[in-house]
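Novice: These are the residues of each chain, in order.
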Amino acid sequence: MQRMHSLIWLVWLGLVLWIISLARNPFYLVVLWIWIAIINVYTRSTEQTIWNSAWTLWASLGIVPMSAVFNLLTTHFGDHVLFNIPGKIPLVSGIATGEALVYGLTNGLVLSVIINAFWTFNRNVPIRSLLRLIPRAFYSLAIISSIAVTFIPITIRQYQQIQEAQAVRGHRMNSARDFLAIIMPLLTSSLERAFQLAEVLTARGFHHPTFPTQSLLGQRWSYFAGLVLIFLGWQWKWVNQFLPLSAFWLGKPLFFLGLIVFCIPFWRIGKISGQSRYYAEAWHTQDWVGLFSLLITAIGIISFSFHNDPSLSYSPYPSLTLPLFNPWIGFCFTGLSMPAFLQGSPKYD
Amino acid sequence: MIEFQQVSFTYPQKSEAVFRDLNLHFHQGETVLVSGVSGSGKSTLLRLINGLVPHFSGGKLRGKVTVNGLNPVEVGPAVMSHQVGFVFQDPESAFVMDNVEDELAFGLENAAIPLSQMKERIEDTLAALEIEHLRHRRVESLSGGEKQKVAIAAALVLRPPILVLDEPTSQLDVQSAEDVFLILQRLKRAFELTIIMAEHRFERVLAFCDQMVILGGEKNDCVSGKPQAVLAQTNLAPPMLQLAKQIGYQPLPTKENENRALAEYLLAHYPKLRNHFSTLPPLANETKVPHLQIEGLSVRYGDHSALDGLDLTIYRGECLALIGRNGAGKTTLLRAIMGLVSPSQGSIHLNGKDILRTTVWQRSLSMAYLPQDPNALLFADTVLDELRTTLKNFQLQLSLEDQFNLLEKLGIAHYAQEYPRDLSVGERQRVALAAILIVKPSMLLLDEPTRGLDYQAKQNLIHLLQEMRQAGMTIFVVTHDVEFLVQFAERVVWLENGKVIADGAPAAVLKSAGIYTPQLLHYFPQQGFVNINEVLRYLTEEEELRQT
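The listed protein sequences correspond, in order, to chains W and F.
FYI, the numbering for the first sequence is 163 to 511, going by this note's numbering.
FYI, the numbering for the second sequence is 117 to 664, going by this note's numbering.
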């Protein structure tokens, strides 16, 4: 099997994030986490890279108890009192409630699913494909994004090295102040590395496209005119009442005209940016199948949402109840796994 | 091809020029070796060739630089990227993409090379460097040598006529460094490249370099010309060259056959040398007291076995060097000893006591460990504060006088109030050493201590280790630098694939070690010379005998 098209993985990521924003139900979040973990493990390659290590899964799971405990200790609302924290410790003293615990747990699950989803996305989409998804006008931005991604594994490795180096000189983490011994060398070496990367980029011919001054001025006018037209189109109803002739139909055309005028400079920058592209991604039949499965999932969730399925939204406040669970919604999440099963382990690895 | 006319350069906010009135001329197809002590301006010189200096750094430049008919200062680094391929010291920090093929395509995309040409160039470059098999690999999964080859490929993919390399082998083991040098020679022939390279370990580069530049001499001057002529004027020289200079042998040997001729000459004219046979007694371990005993030690990273049932005993007051290829398990062994990684099986005894259950904190009181990058240790405002931080971490008290005594011993007392990161690589290493030695441990573990050190800093480190050894400290050094280890180690352990494959006196272990064989042992295998002082002593004795 070929690697799925990056757009499919982008749709997949968008769908996961949308589901998380829609269904803050701990049961659904757990089902979602398990599915993403399965996808994560299934698409893992044999290479020894940070993206392939299993600890990322466990690290993301570690956020759940942290979030739950933090919320339990700092939020003091609810009827189900678990225990009382005595004294006058700012933020902490007061009642610890079951509602706060469940709310923190749900927040932790949301964070954990998001991290897992991004981690899985990064494993399956090479940086070149990410760059390809960004318009040429934003080439510099794309390069910065790619560098940020390559920075992550090096920074994690460097963090471990510094932590070990400090440990052998007796450093122990007793208070927040002790982080200085780790953070300071990490910050300094990251800055040194950033400086070197800038040198590398310059030495390898990476530079901003240069525009004649006249062209720059034209661009600025184009942005301004575009924004004015967009605003006029958007608020045309209000503008039209001051006009002698009624022309309500003009709003939408003005809005779209504004969008076009606003985008012209970006198109021009793309034309004169002077880069070529090496990598072209092909769209295969499996991509259609993957897209179709994701669409079915989205349609399924939307239909449940339209029918106001009570299990989709959950809050432990004002009263703590057990979340509802609709097995059909849980079943809908199966569609999220299709891109992974169609693809298998990434080929580029 | 490249010309420096009366070039002087001063960095911003510095009063001293890095170099003054530099006049150099490099011809097309030449390989030029640039050397000199740290801070002598090697990197600045290289960066002037592609315009990174002064475009990127700022500063005052006088004189004129011409590279292939262009002035890098006028046209800038972006234009110069088509003329000069630049390979940086640390390839890992220089990668922009996450995958090898994309890394090569990056420069071509920037130069707006059409797709068909891009494919052809990438194929050609991968083939020239024999790294086609790495095409789809993620860069973070590559070994050190592979990373450097990819960095060279990325620099050459734009087909520049000039290749500039800033200490390309400083992060590599001996075999990977040799591979890089062989590839450079092949590339030079295939593409008629002009190669300019800064390198500390130049004993292996001399064989194929046409011109040599040494910056920052005694009078802060620059010496350049044919290698033999330049080497005659400097103290920086591999052992065989030092011998040739000692006896006034001409021409000074730089190539394999010239070195062999010198060895034959020495053996023929100095009978004492010829009659010397390695008289090193076998290591009498039974008379020594074990300091650290490692038995059946295994460490695993997931499915990969880093150490596989390793047995090793280090004796009290011993100076031991550990060699092996990148990934052989050397650093893992040090980390396991310090408790930074948990072994899957085996035992470690320090002074007869099992330390597997003890914490890193407890072990660090008896054993000082200096990792590869001393920068990872340094974060305080002053050198003295670094010492105080360690003392505070271990809840120890030490008088200011004792702290200064340690700094004095390490030769950095005059930097006591300086910001550690402002110091040179060698000085920073000494500060890091001070920070871990302040607790007066009985054993010192060093991981690749010569990385990035110039010749002089290396000599200073050797003297320091010799002094520590005389003071009774057990020293365990992991190193790729065989010329360095033969000057202080009394025992060498060779590690491959997590197992000890050889253990004994340096001459015995390194004699048949191929690429790891030090220069003297390579040319005097029968005599078993590893240390130049041994040979020099014979030469002096013989000369004195002749005079009397």
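For the record, the hints were derived by calculation from the structure and aren't laboratory data.
Please note that the accuracy of each hint is not assured.
Label pairs and their calculated CB-CB ranges [stated by the list, open to error]:
id, chain 1, residue 1, chain 2, residue 2, range
1, W, F503, F, D424, 34 to 42 Å
2, W, I458, F, V191, 54 to 62 Å
3, F, R251, W, A310, 22 to 30 Å
4, W, R382, F, H252, 42 to 50 Å
5, F, D326, W, F503, 27 to 35 Å
6, W, F357, F, S131, 54 to 62 Å
7, W, G432, F, H252, 24 to 32 Å
8, F, Q513, W, A356, 54 to 62 Å
We put the CB at the ideal spot given by N, CA and C, even for glycine.
Novice: For every hint, state whether the structure bears it out.
Specialist: Now the hints, each set against the structure:
no., hint, result
1, W:F503 to F:D424: 34 to 42 Å, "37 Å, holds"
2, W:I458 to F:V191: 54 to 62 Å, "57 Å, holds"
3, F:R251 to W:A310: 22 to 30 Å, "24 Å, holds"
4, W:R382 to F:H252: 42 to 50 Å, "44 Å, holds"
5, F:D326 to W:F503: 27 to 35 Å, "59 Å, violated"
6, W:F357 to F:S131: 54 to 62 Å, "23 Å, violated"
7, W:G432 to F:H252: 24 to 32 Å, "29 Å, holds"
8, F:Q513 to W:A356: 54 to 62 Å, "40 Å, violated"
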